[in-house]
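*Asks:* Heads up: the protein sequence lines correspond to chains A and B, in order.
In case it helps, the numbering used here puts the first sequence at residues 1 to 277.
In case it helps, the numbering used here puts the second sequence at residues 278 to 651.
What the hints contain is simulated information worked out from the structure, not anything from laboratory work.
Keep in mind that the hints are not guaranteed to be accurate.
Simulated coverage check for chain A against chain B, where a stretch passes if three residues somewhere in it have a Cβ under 8 Å from a Cβ of chain B [claimed, not checked]:
1) 96-109
2) 120-133
3) 145-152
4) 162-172
5) 230-240
6) 257-267
7) 271-277
Listed next, with one range per pair, are the computed distances between beta-carbon atoms [claimed, not checked]:
8) A/Lys59 - B/Glu497: 24 to 32 Å
9) B/Lys345 - A/Pro68: 54 to 62 Å
10) A/Glu206 - B/Tyr564: 39 to 47 Å
11) A/Ser152 - B/Pro608: 49 to 57 Å
12) A/Lys256 - B/Asn515: 31 to 39 Å
Examples of chain A residues toward chain B, derived with CB under 7 Å [unchecked claim]:
13) Glu138
14) Thr251
15) Met252
Being a predicted model, the structure only gives us computed values, none of them experimental.
We treat Cβ as the ideally placed atom computed from N, Cα and C, and that holds for glycine.
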Amino acid sequence: MSGITDIIVLIKQVPDTTSKAGLNPDGTIDRARAKRMLNPFDRYALQAALHVKKTYGGKVTALSMGPPPAVEILLEAIEHGADQGYLLSDRRLAASDTLATAYALHKCILYLGKFDLLFTGLQTTDGDTAQVGPQIAERLDLSQVTYCEGFSIQNGKLHARRIIEGGHQDVITELPALVTVANAYHTLEYKTIRGARLAQELLRDEALKNQYIHTITLDDVNADPELCGLKGSPTIVAHTDKVGQIGGQCTMHQGKSADILIKEIMDCTNIKEFAKQ
Amino acid sequence: MTEESPNQAIPINASQPIGEVLVYIEQCLGELQPVGLELLGAGRQLADKLERPLSAIVLGYNLGDIPKTIIAQGADKVYVADHPDLEQYRTLPYRRVICNWLEQMEVEPHTMLLGSTTTGRDLAPRIAAHFTTGLTADTTELDIGPYEHKGGSDPSKIGLYANCLYAIRPSFGESLKARILGPWKNPQMATTRPGVMIPLKLDWERHGEIIPIPVNLLQEDYRLVVEETFREVNKGVNLTQADVIVSGGYGLGGPDGFELLNQLAACFDNAAVGASRKVVDCGWVPYVHQVGQTGKTVRPKVYIACGISGAIQHRVGMQNSDLIIAINKDPDAPIFKFAHHGIVGDLYQVIPEMIRQLKKNSNTSSTKEVSSIV
Ligand SMILES: Cc1cc2nc3c(=O)[nH]c(=O)nc-3n(C[C@H](O)[C@H](O)[C@H](O)COP(=O)(O)OP(=O)(O)OC[C@H]3O[C@@H](n4cnc5c(N)ncnc54)[C@H](O)[C@@H]3O)c2cc1C
Ligand SMILES: Nc1ncnc2c1ncn2[C@@H]1O[C@H](COP(=O)(O)O)[C@@H](O)[C@H]1O
Numbered sequence: 001m002s003g004i005t006d007i008i009v010l011i012k013q014v015p016d017t018t019s020k021a022g023l024n025p026d027g028t029i030d031r032a033r034a035k036r037m038l039n040p041f042d043r044y045a046l047q048a049a050l051h052v053k054k055t056y057g058g059k060v061t062a063l064s065m066g067p068p069p070a071v072e073i074l075l076e077a078i079e080h081g082a083d084q085g086y087l088l089s090d091r092r093l094a095a096s097d098t099l100a101t102a103y104a105l106h107k108c109i110l111y112l113g114k115f116d117l118l119f120t121g122l123q124t125t126d127g128d129t130a131q132v133g134p135q136i137a138e139r140l141d142l143s144q145v146t147y148c149e150g151f152s153i154q155n156g157k158l159h160a161r162r163i164i165e166g167g168h169q170d171v172i173t174e175l176p177a178l179v180t181v182a183n184a185y186h187t188l189e190y191k192t193i194r195g196a197r198l199a200q201e202l203l204r205d206e207a208l209k210n211q212y213i214h215t216i217t218l219d220d221v222n223a224d225p226e227l228c229g230l231k232g233s234p235t236i237v238a239h240t241d242k243v244g245q246i247g248g249q250c251t252m253h254q255g256k257s258a259d260i261l262i263k264e265i266m267d268c269t270n271i272k273e274f275a276k277q
Numbered sequence: 278m279t280e281e282s283p284n285q286a287i288p289i290n291a292s293q294p295i296g297e298v299l300v301y302i303e304q305c306l307g308e309l310q311p312v313g314l315e316l317l318g319a320g321r322q323l324a325d326k327l328e329r330p331l332s333a334i335v336l337g338y339n340l341g342d343i344p345k346t347i348i349a350q351g352a353d354k355v356y357v358a359d360h361p362d363l364e365q366y367r368t369l370p371y372r373r374v375i376c377n378w379l380e381q382m383e384v385e386p387h388t389m390l391l392g393s394t395t396t397g398r399d400l401a402p403r404i405a406a407h408f409t410t411g412l413t414a415d416t417t418e419l420d421i422g423p424y425e426h427k428g429g430s431d432p433s434k435i436g437l438y439a440n441c442l443y444a445i446r447p448s449f450g451e452s453l454k455a456r457i458l459g460p461w462k463n464p465q466m467a468t469t470r471p472g473v474m475i476p477l478k479l480d481w482e483r484h485g486e487i488i489p490i491p492v493n494l495l496q497e498d499y500r501l502v503v504e505e506t507f508r509e510v511n512k513g514v515n516l517t518q519a520d521v522i523v524s525g526g527y528g529l530g531g532p533d534g535f536e537l538l539n540q541l542a543a544c545f546d547n548a549a550v551g552a553s554r555k556v557v558d559c560g561w562v563p564y565v566h567q568v569g570q571t572g573k574t575v576r577p578k579v580y581i582a583c584g585i586s587g588a589i590q591h592r593v594g595m596q597n598s599d600l601i602i603a604i605n606k607d608p609d610a611p612i613f614k615f616a617h618h619g620i621v622g623d624l625y626q627v628i629p630e631m632i633r634q635l636k637k638n639s640n641t642s643s644t645k646e647v648s649s650i651v
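Isolated chain A, as found in the complex:
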């Protein structure tokens, strides 16, 4: 017996950066045209949570905070085998920074009750901070394993391998613990047949859907609105700058044969200095 009963995974819906729609030629985002998707890093987290369920047992709850369309990613989690989803959706959450987000999510986790493992992605592609996970761990006073790329559970403890600068580290921690899953872990691949069928049914049957996917508010989880949204955020984006010209003028070499072009480069730069003698 592994003793694992409850697994929570945090997932977020972000603008789609993989499809061409909504992407400017330079790779930047046109928010108005962008589609939505499950944060790619959270696919690893979800896969890790489902792996625990399959290998050691337990129930997987996917939790997200965001506007109502984020129900889509909770359905996606169910298709892959999650047991239920919770969406914290509340206008008072608008403009939350990571501290306020972590506050609201930790209230949801307390509301969900007991858990053994709490998985998050390494970072989001829109917030892009990797802060929300550890900030929740601090609020909940949890042990944490960040940058986790593989793990097993033995005698009720988590044995994990994490990435560090220029190497790896093997650690063992007591449970419950928070784990942020590195993008070196296995990504989410297959939907389960049962999950996919269930998701289809949920799409057709609103009442059934409400049994699996619960939309909750700050009041439900007993969160202080003063600590959420803009009010609860210690940071603001005060100013944005267009990224100006850097690196100076580019000297263009074109319209000639490759040998001439390279000769030009050899003549007007110092790259030969670095060539093997």
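Chain A is already provided as a structure; the job is to place chain B with the ligands on it using the hints.
*Replies:* Below, chain B with the ligands alone, put in the same frame as chain A:
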């Protein structure tokens, strides 16, 4: 838009003492990590602007000369926790020692900086959440300046703040740099990318104070044990130390293209192969090669970008290279806006020619008949 103070506005907190600038210094098994020294360089400027001391905090075991080196690298004060239980970095003990120390300070630091390394990103959010203070991730520029908060949903935040930490980072998805601030609560915190800031020159004449700090750990701080640490330095990819980086993007057309890049890299003495995120996502090369916002920040002497469009997220990881040469068949590719030399052409024609001429150079170089470099 530097928000110069309108003359009638009076700075809030003007009478309150300003705290110092505190830098977290990373060491691994007794070896100082470069990012801490880079932060001392950046922190020195902030501290001088604030006219406050620059302090550093370092944790570990048998630290030896490390505190002295930290002073020689720019700190006025070093807080040192030297204890067997701190030999290896672990979240809970480190956060306990640091939070305890900050809590007993008479005036909390104005600013606290950590590196955006696996350690810094593990630790900084814990400290920030503990003090419910703001934390900006992955900054690329730091400054101190005034800010006037004029309105918004929270009237208690309105006012003119004379000395704020400007934490500047590229913002998601747009060609913008965001200036993020949070002057309402100290310490104002940020993590900074390794390889971005410039360390000061080592100066053994510099004076500073070494202050041992208490280590009072609780039972619950031992919930995690480190079994083993593996260092795999120099596994063929040393992007941060290479003189020349040959980087490939989606324009390579497939994983085989990296063969050609390896050949080009082999023409140089100290070269490494980099990649754009798109090719990493495609699985053509492993993540360790990735350059950019979510990969490594590099500053080589020469950066050769092959079939890379030059998206902002790539650019922030390599824009400080001394010489950027871009090869792209699209003359309008954004990379040509910031490269120093742009070659418009098919990389499969251009690179073999570059290899040929570099090799020719090496064969004839003994006769020194090669034209001298401008
Ligand atoms: C939050 C976030 C973080 C990101 N982080 C990073 C990051 O860390 N690093 C990163 O690189 N990207 C990052 N990206 C992705 C980035 O926005 C771009 O999508 C990516 O850099 C594009 O990669 P590319 O230049 O290889 O591909 P493309 O944009 O597809 O460019 C390929 C280029 O190759 C040229 N080409 C094609 N064939 C040839 C040929 N035969 N010869 C010469 N040229 C040719 C084309 O003209 C084109 O310019 C991030 C994105 C987001 C949203
Ligand atoms: N709004 C959210 N809802 C659910 N999970 C989130 C949310 N924001 C962040 N997370 C989790 O925290 C991780 C780190 O996010 P970030 O700090 O934004 O980079 C993500 O990969 C998610 O697992």
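*Asks:* If a hint holds in the structure, say so; if it doesn't, say that too.
*Replies:* Okay, the hints, checked on the actual structure:
1. Restraint check on the stretch 96-109 of chain A versus chain B: 4 residues with Cβ-Cβ distances below 8 Å, three needed, restraint holds.
2. Requiring three or more residues with a Cβ within less than 8 Å of a Cβ of chain B, the coverage given for the stretch 120-133 of chain A holds, as 10 such residues are present.
3. Counting residues of the stretch 145-152 of chain A whose CB lies closer than 8 Å to any CB of chain B gives 3, which reaches the minimum of 3, so the coverage claim holds.
4. Note: the stretch 162-172 of chain A has 11 residues with beta-carbon separation from chain B under 8 Å; the three-residue rule is met and the coverage holds.
5. Only residues whose beta carbon comes within less than 8 Å of a beta carbon in chain B count, and the stretch 230-240 of chain A has 10; three or more means the coverage holds.
6. Using a Cβ-Cβ cut-off of 8 Å, 8 residues of the stretch 257-267 of chain A lie near chain B, which meets the minimum of three, so the contact claim holds.
7. For the stretch 271-277 of chain A, the assignment as covered by chain B holds, since 7 residues bring a beta-carbon within under 8 Å of that chain's beta-carbons and 3 suffice.
8. For lysine 59 of chain A and glutamate 497 of chain B, the hinted distance range of 24 to 32 Å is satisfied, since their beta carbons lie about 27 Å from each other.
9. For the pair lysine 345 of chain B and proline 68 of chain A, the beta carbons lie near 58 Å from each other, so the given range of 54 to 62 Å is met.
10. A hinted range of 39 to 47 Å for the beta carbons of glutamate 206 of chain A and tyrosine 564 of chain B is consistent with their spacing of about 42 Å.
11. Between serine 152 of chain A and proline 608 of chain B the CB atoms are about 53 Å apart, so this pair conforms to the stated range of 49 to 57 Å.
12. At about 35 Å, the CB distance of lysine 256 of chain A to asparagine 515 of chain B agrees with the hint of 31 to 39 Å.
13. Nearest Cβ of chain B to the Cβ of glutamate 138 of chain A: about 4 Å, under the 7 Å cut. The hint holds.
14. With 7 Å as the threshold, the beta carbon of threonine 251 of chain A comes within range of chain B, its nearest partner Cβ sitting at about 5 Å, so the hint holds.
15. For methionine 252 of chain A, the suggested interface contact is upheld, since its CB lies about 5 Å from the closest CB of chain B, less than 7 Å.
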